[in-house]
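Visitor: One-letter residues, chain by chain:
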Amino acid sequence: MTPETTGADLLHAVEQTLVKEVAPLLADGTVPAEARFKVLMAASAIRMVMREWHLRDELAALAVRSTDNGDLVAAIRAGRHDADVAVHERLLADAELRTSISRPGAV
Amino acid sequence: MPMAGMAMASGHGAALMDDQACSRLAQWLGQALGTAVSVAAASRLSGGAIQENWQVEALVGGAPRVLVIRKDAAATIDASHSRADEFALIRLAHAAGMLVPEPVAFCTDPSVLGSPFAVLAKVSGVGFGPRIVKDLALGGDRERLAMRLGAELARIHALVPSAGMGLDVLGQRPSDPLAADIAGLRQALDRLGTARPALEWGLRWAECQPPKRREVTLVHRDFRTGNYMVDGEGLTAILDWEFAGWGDPMSDVGWFCAACWRFGRLDLEAGGIGSRAAFYRGYEQVGGRRVDPEAVVVWEVMAHIRWAVIALQQGARHSSGREFSLEHALTGRIAAELERAVLRMTTPATTRHRSSS
Chain A
1 MTPETTGADL LHAVEQTLVK EVAPLLADGT VPAEARFKVL MAASAIRMVM
51 REWHLRDELA ALAVRSTDNG DLVAAIRAGR HDADVAVHER LLADAELRTS
101 ISRPGAV
Chain B
1 MPMAGMAMAS GHGAALMDDQ ACSRLAQWLG QALGTAVSVA AASRLSGGAI
51 QENWQVEALV GGAPRVLVIR KDAAATIDAS HSRADEFALI RLAHAAGMLV
101 PEPVAFCTDP SVLGSPFAVL AKVSGVGFGP RIVKDLALGG DRERLAMRLG
151 AELARIHALV PSAGMGLDVL GQRPSDPLAA DIAGLRQALD RLGTARPALE
201 WGLRWAECQP PKRREVTLVH RDFRTGNYMV DGEGLTAILD WEFAGWGDPM
251 SDVGWFCAAC WRFGRLDLEA GGIGSRAAFY RGYEQVGGRR VDPEAVVVWE
301 VMAHIRWAVI ALQQGARHSS GREFSLEHAL TGRIAAELER AVLRMTTPAT
351 TRHRSSS
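Each protein sequence line maps, in turn, to chains A and B.
Residue numbers 1 to 107, in this note's numbering, belong to the letters of the first sequence in order.
Residue numbers 1 to 357, in this note's numbering, belong to the letters of the second sequence in order.
Be careful, since some hints might not be right.
Said to hold, decoys possible - Which stretches of chain A does chain B cover? Using the computed rule of at least three CB atoms under 8 Å from a CB of chain B, they are:
no. : segment
1   : 6–20
2   : 32–41
3   : 73–80
4   : 91–100
Rather than coming from a laboratory, the hints here were simulated on the basis of the structure.
Here a beta-carbon is modelled for each residue, glycine too, at the ideal position from N, C-alpha and C.
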């Protein structure tokens with residue numbers, strides 16, 4: 001039995017349609033260059049959503065830890081975490097995870 | 001969204017200014033310049049997110065001229081000067097012999113094009129950062145270009161605003177520019193209403209690195225690849241003066257060299273186009289001021305934080321519902337990699353706390 005098309009499959013199909021079928025049609029100079037740029041931006045946003053979906057468990061764990069971020073901000077400003085290796089490691093892990101969603105190619 | 005009175009016809013290539021706006025512009029320009037002006041065509045240039053740029057082909061007193069109009073976009077971010085202030089700064093730089101577009105006229109009357117605008121002479125060349133970094137046919141010899149940019153930056157730091165400009169254009173002269181920037185960025189983060197502990201970490205780190213030297217000069221505040229133009233020979237203009245004000249001259253050096261403005265060429269530490277050594281050499285030869293490499297490190301961290309805050313402000317323009325824009329929404333997401341860079345530059349083991357003297 002053929003499995004049902006998932007939401008992720010559909011998103012992937014939309015992204016590929018925009019990049020491989022729509023964008024090339026907009027490169028012939030008859031429409032403003034902005035149109036092609038916007039289609040490629042839309043495809044990029046879809047890829048971001050897909051990566052976010054794949055990492056949803058990690059993001060959920062991050063969200064739980066982030067509930068105290070307001071307090072953390074105040075404590076950092078007050079100097080209570082200066083050179084705090086554990087806080088730095090936690091913040092870096094968060095930033096690495098979010099970067100892998102927004103720009104996986106970033107060195 | 002087209003501005004009132006500037007409906008765009010987007011059938012072919014670039015967006016065009018409608019005929020009525022063109023004739024209002026021609027009439028106003030004629031009065032401002034005291035000669036007959038006709039406008040043949042006005043098309044929208046790929047502008048920044050903060051302002052709209054239009055290219056205008058005109059006959060001024062019978063002679064063909066290509067002009068650029070800069071006007072505010074629908075919603076502007078907080079730290080940006082008005083067009084009038086930017087025009088005054090460009091006039092100051094032009095009078096000092098710097099490479100800036102020739103300032104032609106300024107219109108305060110919103111009935112002409114919907115909002116105040118500056119008219120500048122069109123400068124030839126390419127300004128798009130990623131292209132300048134990749135296309136080595138542009139900009140001439142790259143080490144010479146880096147030196148030249150360092151020299152131009154030193155000239156900016158030597159500019160003395162004239163009394164007639166009004167000091168309100170530049171704001172208050174801070175006694176401690178680093179502390180002032182840290183306070184300003186914290187305030188901006190509070191206004192955004194989202195907790196960004198990674199940026200707070202970076203700001204607190206910078207706060208613990210007081211500069212040895214405390215200098216305040218005119219600073220450009222957006223001097224980077226993407227905000228100057230080059231042709232096949234070299235530099236043709238320094239653009240985007242809208243953030244200029246009083247500050248630490250090393251803040252401009254840090255902004256120019258920050259990894260986030262190298263457009264992928266991380267090895268070329270001067271804006272992705274040349275060596276840091278050449279850029280510093282050009283700066284020191286012209287200004288006579290030494291570059292303080294330790295202060296520059298702090299300002300490079302600050303550069304990433306500031307760009308992250310601007311990116312978040314852009315994202316908020318969309319997410320707040322003020323202005324629908326996929327581009328702004330995606331710009332907000334750039335903050336993550338900037339936060340990562342800030343944290344990598346401020347790892348506790350490598351942090352050197354300087355004694356303040």
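Visitor: A separate judgement is required for each hint: does it hold in the structure or not?
Guide: Going down the list of hints, with the structure as the test:
1. Counting residues of the segment 6–20 of chain A whose CB lies closer than 8 Å to any CB of chain B gives 0, so the stated coverage by that chain is violated, three being the minimum.
2. Against chain B, the segment 32–41 of chain A contributes 4 residues with a C-beta closer than 8 Å to a partner C-beta. That satisfies the three-residue criterion, and the hint holds.
3. Interface restraint, the segment 73–80 of chain A with chain B: holds (4 residues with C-beta to C-beta distance below 8 Å; minimum three).
4. A count of 7 residues in the segment 91–100 of chain A with a Cβ less than 8 Å from any Cβ of chain B is obtained; the coverage claim is therefore met, three being the minimum.
Checked against the numbered hints above, the structure violates only hint 1.
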